[in-house]
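**Q** Residue strings, one per chain:
Protein chains: 2
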Amino acid sequence: MRESRGGAVTEPPGRGGYPKRVTFPVVGMVGGGQLARMTHEAGIPLGIKFKLLSDSPQDSAAQVVRDVVVGDYRDLDTLREFARGCDVITFDHEHVPTEHLRALEADGIPVRPGPDALVHAQDKGVMRARLDAIGVPCPRHRIVADPADVSAFAAEGDGFPVILKTVRGGYDGKGVWFVRSEDEARDPFLAGVPVLAEEKVDFVRELAANIVRSPHGQAVAYPVVESRQVDGVCDTVIAPAPDLDPELAGKAQELALRIAQELGVVGHLAVELFETRDGRILVNELAMRPHNSGHWTQDGAVTSQFANHVRAVLDLPLGDPRPRATWTVMCNVLGGDYPDMYQAYLHCMARDPQLKIHMYGKDVKPGRKVGHVNTYGDDLDDVLERARHAAGYLRGTIVE
Amino acid sequence: MRESRGGAVTEPPGRGGYPKRVTFPVVGMVGGGQLARMTHEAGIPLGIKFKLLSDSPQDSAAQVVRDVVVGDYRDLDTLREFARGCDVITFDHEHVPTEHLRALEADGIPVRPGPDALVHAQDKGVMRARLDAIGVPCPRHRIVADPADVSAFAAEGDGFPVILKTVRGGYDGKGVWFVRSEDEARDPFLAGVPVLAEEKVDFVRELAANIVRSPHGQAVAYPVVESRQVDGVCDTVIAPAPDLDPELAGKAQELALRIAQELGVVGHLAVELFETRDGRILVNELAMRPHNSGHWTQDGAVTSQFANHVRAVLDLPLGDPRPRATWTVMCNVLGGDYPDMYQAYLHCMARDPQLKIHMYGKDVKPGRKVGHVNTYGDDLDDVLERARHAAGYLRGTIVE
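Protein sequence lines correspond, in order, to chains A and B. Each step along the first sequence adds one to the number in full-length UniProt numbering, with nothing skipped, and position 46 is 46. Each step along the second sequence adds one to the number in full-length UniProt numbering, with nothing skipped, and position 224 is 224.
Just chain A, same shape as in the assembly (with noise of 0.2 Å):
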């Protein structure tokens, strides 16, 4: 019997030992933001059940959801008695309580990622010293103890600025300072969460790596994409990374597929790189849930990632990673003054009719990623241009 099946599949597969009673399994995904509105999507067509824990059901992801627990994740016995009846358990963010997900896996739920890999995009102390250990090339880093900490650090290398991050917590620039004294660096220590320092890279662009592994090991590996930062936010996505050296793409492809296996990571799995002005990639962040990064796949990749990491976490052969264009681009479509973007729509599909809009059904708050746009084609130039049109119209910047 395979583990992901479920209890109701009480025979191994093959065309002789089909049982007389089986269902389609459930698949439960914590939190009820975009991530796990995408994944309901992508499950649709497979057939999956999908259950959803979310906090409150005008979530982005309970608005689209037949089955929907209202409940907090931080409550084992909510997390438990959710789990009843799920599969498999995986999630729309990493913040569920390492204990939880053991008490869980106790309890004979899979969870996917599970805890020990899981505790990796968790915490980026761990993640540090594990990615060390296995030869994985970071920025320069260590744990602080407090401000001065934080000016030895930065006489031990080329001096600040120097990034401090909690090590757990953070999001979207969130828990992360850029700071160039001693004196700037009081406020990270405040939360009293340990404060990881990390040298400010001098890098070319961003880059990230998408892979989906399987539990049994299979595992495929999207295209490298770069990936364009706005305050900290992602704003653009271009698949493939434009002008990469091929050997470098190659390069970051295996190492997220290596980090992957190490890590014992099931499902999709996002490695955030810095290229480097000398040509290196190093390891800025990681993620274990579908990511921005990948929201590209949805129109641009014969499988997206949201199937991708469906198909992973209930154990079943991965879907083919390769682009469907020569060019996809992504665009995030952020809150700006307009309260609702419906209007918008008449201009942005009269003026594109190839235009791929993705929104997430959330109140509009400035600066809150509210949906994404998606094009693509042959030619960079107009597929960014119509990408970058869509967004800004949708959030207002752009007014013709």
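I should point out that these hints are in silico values taken from the structure, not numbers from a laboratory. Keep in mind that the hints are not guaranteed to be accurate.
Copies of the same chain look alike in the list, so a pair counts if it works inside one copy or between any two.
For lysine-lysine, the following DSSO-like pairs were computed, each having C-alpha atoms within a straight-line distance of at most 30 Å [as the list claims (entries may be wrong)]: (1) K362 <-> K49; (2) K369 <-> K49; (3) K362 <-> K200; (4) K200 <-> K49; (5) K369 <-> K200; (6) K174 <-> K362; (7) K251 <-> K362; (8) K251 <-> K49; (9) K251 <-> K200.
Given the structure of chain A, go ahead and fit chain B onto it with the hints provided.
**A** Same frame as chain A, but now just chain B:
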């Protein structure tokens, strides 16, 4: 104000005229089958709110939609209650009584397609009369009164065999009889529904012209496809139809666009056609909703029929209907002897990582449409083989 934006929109579109607070529209779909399921799936990325009127909470679409009303579409009060809060009503099937649709319109709810269009897909007698009136080529036909009148109809042309159809209530070969003699012509009259007689067309193959039309008159035409039937049920669709004379393909598209305009169709229109041995096209059936002959568009076209149906009923600009691959093939998955097809995923997905599976969440019954698969590529033989293998393996008629 645009009617399609619904009651919540109080100002016309335009960057200066943004309302302070609007909400994305609610599309109400009557019928919980696979077409509603896939329309919901296509609406998620647009942020459209989807509401379903379903016969049962276990229906295909009801399994994956958040906002489901379980009720009988034949009951006007149920329909009215369902329509409250919807910005537009559209359909998974053609069975809602025309007078109920008129009542909803009188209540101020946009119904798309509207009753005056939809009646042509509900009543084959009305459809044939209207197509005659606008000069659309059809098989020779007339309403017949009894078996003796069927003999008379046969004698008026090339004799038996003759096709008999009840004017209402038929689908997938039901409500259709192939009769070789007056003796065989008794059954169709038993239901007390008017019976339409049609000549047995000497056709080379069946084609389908799928178009989508919006209330303001924009329309897009998908490539004309070849549709292969087995026992009166669609088995395989090839897009585009191989070796189709481009002039005839253009004629078929123009015919479908003209029918949509003359009949006032809004949303997706499928025109099923016979290609005759002497190079003509004759209209077989009309369907005013996403259609089996358009399922290939999910993976094979820039914009799927489902996404374009949603855009049309909301009067949004339509998406590009062009193909993304040289060839796309759709094969229906019919129920076979295995009660659950999930186990077959292992083999199918491992054999063909590019395979696109679309299952409907239905219980398997022999002969019932429970899903379909799409394949695409440059080599038609290969694309056909892959789709046929997967559909056959899922059904259980292919075992290796």
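**Q** All hints, please: hold or fail.
**A** Here's how the hints hold up against the structure:
1. K362 <-> K49: both (24 Å within a copy, 12 Å between copies)
2. K369 <-> K49: Cα proximity of K369 and K49: in one copy and across copies (27 Å, 19 Å).
3. K362 <-> K200: neither (34 Å within a copy, 55 Å between copies)
4. K200 <-> K49: Result: close neither inside a copy nor across copies, 45 Å intra and 45 Å inter.
5. K369 <-> K200: within (26 Å within a copy, 58 Å between copies)
6. K174 <-> K362: Classified as within; 20 Å inside a copy, 45 Å across copies.
7. K251 <-> K362: Neither: 38 Å inside a copy, 45 Å across copies.
8. K251 <-> K49: Cα proximity of K251 and K49: none, with 37 Å in one copy and 43 Å across.
9. K251 <-> K200: Classified as within; 22 Å inside a copy, 64 Å across copies.
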